[in-house]
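Peer 1: Take a look at the letters that make up each chain.
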Amino acid sequence: VILAVHIPDGFLSGGVAAVAWLAALAAILIALKVADGELDEERVPLVGVLAAFVFAAQMINFPVAGGTSGHLLGAALAVVMLGPWLACIVMAVVVGGQALIFADGGIAAMGANVLNVGVLGAGVCGGLLHALVGIRQASRAVYLGVVGACAWLAVMVAAAATSLELAASGTVGLQTVLIAMLATHMAIGIGEAVITVAAVRLVLAARPDLLAYRPRDAVGAVPVGATGAMG
Amino acid sequence: VSARKLLALGLLLAVVLAGAVSPFVSSSPDGLGKVAEQEGFLDKRETGALQRRAPAGGYVFPGVEPPGPAKALAGVSGALLVGVVGLGYARLRRRRAP
Numbered sequence: 001v002i003l004a005v006h007i008p009d010g011f012l013s014g015g016v017a018a019v020a021w022l023a024a025l026a027a028i029l030i031a032l033k034v035a036d037g038e039l040d041e042e043r044v045p046l047v048g049v050l051a052a053f054v055f056a057a058q059m060i061n062f063p064v065a066g067g068t069s070g071h072l073l074g075a076a077l078a079v080v081m082l083g084p085w086l087a088c089i090v091m092a093v094v095v096g097g098q099a100l101i102f103a104d105g106g107i108a109a110m111g112a113n114v115l116n117v118g119v120l121g122a123g124v125c126g127g128l129l130h131a132l133v134g135i136r137q138a139s140r141a142v143y144l145g146v147v148g149a150c151a152w153l154a155v156m157v158a159a160a161a162t163s164l165e166l167a168a169s170g171t172v173g174l175q176t177v178l179i180a181m182l183a184t185h186m187a188i189g190i191g192e193a194v195i196t197v198a199a200v201r202l203v204l205a206a207r208p209d210l211l212a213y214r215p216r217d218a219v220g221a222v223p224v225g226a227t228g229a230m231g
Numbered sequence: 232v233s234a235r236k237l238l239a240l241g242l243l244l245a246v247v248l249a250g251a252v253s254p255f256v257s258s259s260p261d262g263l264g265k266v267a268e269q270e271g272f273l274d275k276r277e278t279g280a281l282q283r284r285a286p287a288g289g290y291v292f293p294g295v296e297p298p299g300p301a302k303a304l305a306g307v308s309g310a311l312l313v314g315v316v317g318l319g320y321a322r323l324r325r326r327r328a329p
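Those sequence lines, one after another, are chains A and B.
The first sequence begins at 1 in the working numbering and counts up by one.
The second sequence begins at 232 in the working numbering and counts up by one.
Source of the hints: derived by calculation from the structure; they are not laboratory data.
Treat the hints with care, since some could be wrong.
What the hints assert, rightly or not - Between beta-carbon pairs, the in silico distance windows are: (1) A/Glu-42 <-> B/Leu-281: 19 to 25 Å; (2) A/Gln-137 <-> B/Arg-326: 23 to 29 Å; (3) A/Ile-135 <-> B/Ser-258: 43 to 49 Å; (4) A/Leu-29 <-> B/Gly-294: 33 to 39 Å; (5) B/Gly-294 <-> A/Ala-205: 39 to 45 Å; (6) A/Gln-175 <-> B/Val-232: 34 to 40 Å; (7) B/Pro-286 <-> A/Asp-217: 43 to 49 Å; (8) A/Met-186 <-> B/Gly-271: 34 to 40 Å.
Beta carbons: idealized from backbone N, C-alpha and C, even for Gly.
Based on the provided sequences and hints, a complete structural model is requested.
Peer 2: The structure is reproduced here in structure tokens:
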């Protein structure tokens, strides 16, 4: 049995892999620039712990319907805790380590993998959280709903992007792969949402000030934007 | 709860997941693997020279024979390694006190 979390080499054409590398690289460079100086002293260790946790969680394949397994991607959790820019960086560190040390996910395909599980998820979750929680000062229930929804959506977006890349590479027909990928990842995304909401609730109960996005009634709430949220 | 305790809990959880749970997880193919199998492009997979020499390819810790412990060790060392890289980056780039 192959243990693989990401797209291996051979699935993508050289052109698609190169474009994805460029897009991922551009996003990471912007993230490095924007995230600079975003972290205060107390939240520095959070970046390391999240990278370790996302790496570990991606190894835990839980069974879903039809002889398939899924695992946490972790981008949504990273965004809620660190904001989208630092989340991109954490996801890139994880994907890079998996490819270089564990041969999980290709080298040529690394750009696509960083893009799919990191950058796109961070964009979707960061955008939604910014609009629905950051600006509107959401209640706790709405907040947790948005966290769960964006976790699910991040998985679906990753699956859709992977499908597009595979189809653009001529590996498989677009309609075939898109339907199959979205169908399997619908269930995987529910796992992602459940785990993400559980983890966020834990931090919300213990130390809401460690979250980049939090509901309006969180103890010790500070204005959003002060802790690395978008904008 | 101190931030330190919460962070320690997160780290402990990562080590337990990677070191104690990962050897026993579902061995069914994941979403992409399943679709690749169904649609018949799984065998397009290639492993380049660089990845054939990866220090712990396939999450097998070098020099450890039994698959369970090999994966556990690979998992824990991988989690700690990416954690250290993340921490190192964050320390370099933290907001300095004015």
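Peer 1: Each hint should be assessed against the structure and marked as holding or not.
Peer 2: Status of each hint after checking the structure:
no., hint, in the structure
1, A/Glu-42 <-> B/Leu-281: 19 to 25 Å, "violated, 38 Å"
2, A/Gln-137 <-> B/Arg-326: 23 to 29 Å, "holds, 25 Å"
3, A/Ile-135 <-> B/Ser-258: 43 to 49 Å, "holds, 44 Å"
4, A/Leu-29 <-> B/Gly-294: 33 to 39 Å, "holds, 38 Å"
5, B/Gly-294 <-> A/Ala-205: 39 to 45 Å, "holds, 43 Å"
6, A/Gln-175 <-> B/Val-232: 34 to 40 Å, "violated, 50 Å"
7, B/Pro-286 <-> A/Asp-217: 43 to 49 Å, "holds, 48 Å"
8, A/Met-186 <-> B/Gly-271: 34 to 40 Å, "violated, 23 Å"
The earlier numbered hints that this structure contradicts are 1, 6, 8.
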